[in-house]
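Could you put the whole structure together from the sequences, leaning on the hints where they help?
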Amino acid sequence: MEMRHEYLVPHADTPLPQRPEVEILGTTLANVTAPQAIEAIFAPGRRRVCFLNAHCANTAARNGAYAKALSRADLVLADGIGVEIAARMKGARIAENLNGTDLTPRIMREAAARGMSVFLFGGRPGTAERAAEAIAAAVPGLRIAGTRDGYGGAQDATGAIAAINDSGADIVLVAMGVPRQELWMDRFAPLLNARITIGVGALFDFWAGNVRRAPRPVRAARMEWAWRLAMEPRRMAKRYLVGNATFLARAAGAALKARAARVSPKRLLDIAVSLGALAILVPIFIPLMIAIRLESRGPAMFRQTRVGKDGETFTLYKLRSMYVDAEERRAALLATSDREGICFKSKSDPRVTRIGRFIRRYSLDELPQILNVLKGDMSIVGPRPALQEEVAAYPPEALERLRVKPGLTGLWQVSGRADIGFERMVDMDVAYVRSQSLLLDLLLIGLTFRTVISGRGAY
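Numbering (our numbering), first residue to last: 5 to 463.
In case anyone wonders, no lab produced these hints; they're calculated from the structure.
Don't take every hint at face value.
Claimed, not checked - Listed below are the simulated SDA-like cross-link pairs for lysine to any residue, each with C-alpha atoms no more than 25 angstroms apart in a straight line: (1) Lys94 / Glu114; (2) Lys379 / Ala206; (3) Lys94 / Pro109; (4) Lys72 / Glu27; (5) Lys94 / Arg110; (6) Lys322 / Gly213; (7) Lys242 / Ala206; (8) Lys379 / Thr317; (9) Lys242 / Ala258; (10) Lys313 / Thr250; (11) Lys261 / Ala71; (12) Lys379 / Thr250; (13) Lys322 / Val286.
This is the structure in structure tokens:
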């Protein structure tokens with residue numbers, strides 16, 4: 005391609021200072037919070053910013069040019085729960101989920117405060133213009149330098165570069181989808197006068213109103229991918245159902261390869277069973293979450309602090325089976341417990357919703373704990389994860405059950421669940437702790453299917 009514009013000369017970049025990093029399937033991510041990312045983006049020098057989610061990682065595995073473009077970007081940020089899980093598999097923690105849809109408006113507010121202008125490049129004809137109007141209204145003082153579509157407007161690279169440079173834009177948002185936008189930035193960003201270029205994917209469609217974002221509770225539950233799948237099942241099924249399972253399998257394989265010498269057979273079993281279950285059960289989550297939200301207000305996902313191995317606390321995930329005020333009403337119901345001992349259970353608990361009784365009957369409310377297993381907080385097989393107030397009231401002999409990770413299933417769960425009193429449950433858990441083995445875990449996993457189907461002790 006012949007360049008006829010005298011200002012189309014590559015710029016020298018100023019390297020960013022050292023920052024925490026984490027490597028995910030060959031791509032190095034800046035492991036930073038949103039304020040740290042914004043500070044790095046606006047630091048002196050030129051910046052090319054990309055995001056990595058499960059789909060991006062799968063694409064990079066197939067497309068070497070895209071993988072190289074990511075490696076040459078100044079800042080690659082973690083986007084989505086898949087990347088977070090992949091990091092956890094390696095024993096790392098992602099500082100903050102920094103998807104472009106939520107981070108870019110914050111970048112625009114900082115740009116407006118600094119008096120900088122932005123050029124919107126990408127989307128179908130007309131989309132960039134509507135997106136520009138929306139973000140200009142949302143961010144007072146933001147200067148829109150210009151817009152150009154990502155179809156006919158992107159075919160003439162020389163013309164596109166000239167238009168962007170003539171606009172005097174300080175920032176260029178490139179919305180062409182993965183991997184096209186990263187390849188375009190990798191090749192042409194050095195020829196732009198703009199100091200900052202950011203690949204933003206489908207952001208213009210959200211801003212322009214072409215595509216509706218997931219409701220806040222779904223986003224808060226880190227299930228926005230499930231919403232997009234529900235909205236566009238034919239287009240997104242391969243990306244999310246096949247793609248997510250493929251990504252997690254590759255991430256697990258890479259983590260196991262890196263940590264093979266330190267990973268126990270039990271942890272290998274946890275990861276294998278969890279990934280298999282996740283791939284099969286993902287389509288069940290969506291209708292269940294919708295049914296929960298339709299029956300009662302509040303998020304579909306329930307989070308609660310539980311006590312894990314060696315008394316360490318963690319956040320346990322469940323599908324919400326009760327009304328949102330269940331915790332406030334618990335104390336008044338303790339006297340109605342159908343189980344002897346510390347752990348409260350009531351067959352006629354008025355806090356349980358109708359959909360809650362159904363998902364409890366078949367243990368569907370426990371499915372999100374697969375994420376706890378992948379994160380390493382729990383195991384597939386182990387004692388029931390206890391509440392903090394329960395542990396505080398434990399007799400000395402019950403503390404032995406905290407020597408291992410709590411589990412999705414175990415001796416207590418396959419022997420009658422809530423029909424079993426606290427003392428007998430403790431005896432079972434202690435017996436498991438003292439005699440645990442891979443063969444016993446496999447046996448208990450097999451018995452769990454029979455228990456779930458029968459529904460014995462589930463309420």
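Verification of the supplied hints:
Straight-line distance between C-alpha atoms of Lys94 and Glu114 comes to about 34 angstroms, which puts the hinted pair past the 25 angstroms bound. Using a Cα cut-off of 25 angstroms, the hinted pair Lys379 and Ala206 is violated, with the two alpha carbons roughly 29 angstroms apart. Under the criterion of a C-alpha separation no larger than 25 angstroms, the hint pairing Lys94 with Pro109 is inconsistent with the structure, at around 31 angstroms. At most 25 angstroms may separate the alpha-carbon atoms for a hinted pair to count; Lys72 and Glu27 meet this at roughly 14 angstroms.
Distance restraint check for Lys94 and Arg110: the Cα-Cα separation of roughly 30 angstroms exceeds the 25 angstroms cut-off, and the hinted pair is therefore not satisfied. A C-alpha spacing of about 32 angstroms is found between Lys322 and Gly213, which places the hinted pair above 25 angstroms, so the restraint is violated. Our distance criterion of 25 angstroms between C-alpha atoms is met by Lys242 and Ala206, whose separation comes to about 17 angstroms. As the CA atoms of Lys379 and Thr317 are separated by approximately 13 angstroms, the hinted pair is consistent with the 25 angstroms bound.
For the hint pairing Lys242 with Ala258, the CA-to-CA distance comes to about 22 angstroms; that is within 25 angstroms, so the pair holds. With a CA separation close to 30 angstroms, the supplied pair Lys313 and Thr250 exceeds the 25 angstroms bound. Taking the CA atoms of Lys261 and Ala71, the gap is near 21 angstroms; set against the 25 angstroms cutoff, the hint holds. Restraint check for Lys379 and Thr250: satisfied, since their Cα atoms lie roughly 18 angstroms apart, inside the 25 angstroms limit.
Distance restraint check for Lys322 and Val286: the Cα-Cα separation of roughly 14 angstroms lies within the 25 angstroms cut-off, and the hinted pair is therefore satisfied.
Consistency with the previously given hints fails for numbers 1, 2, 3, 5, 6, 10, ordered from lowest to highest.
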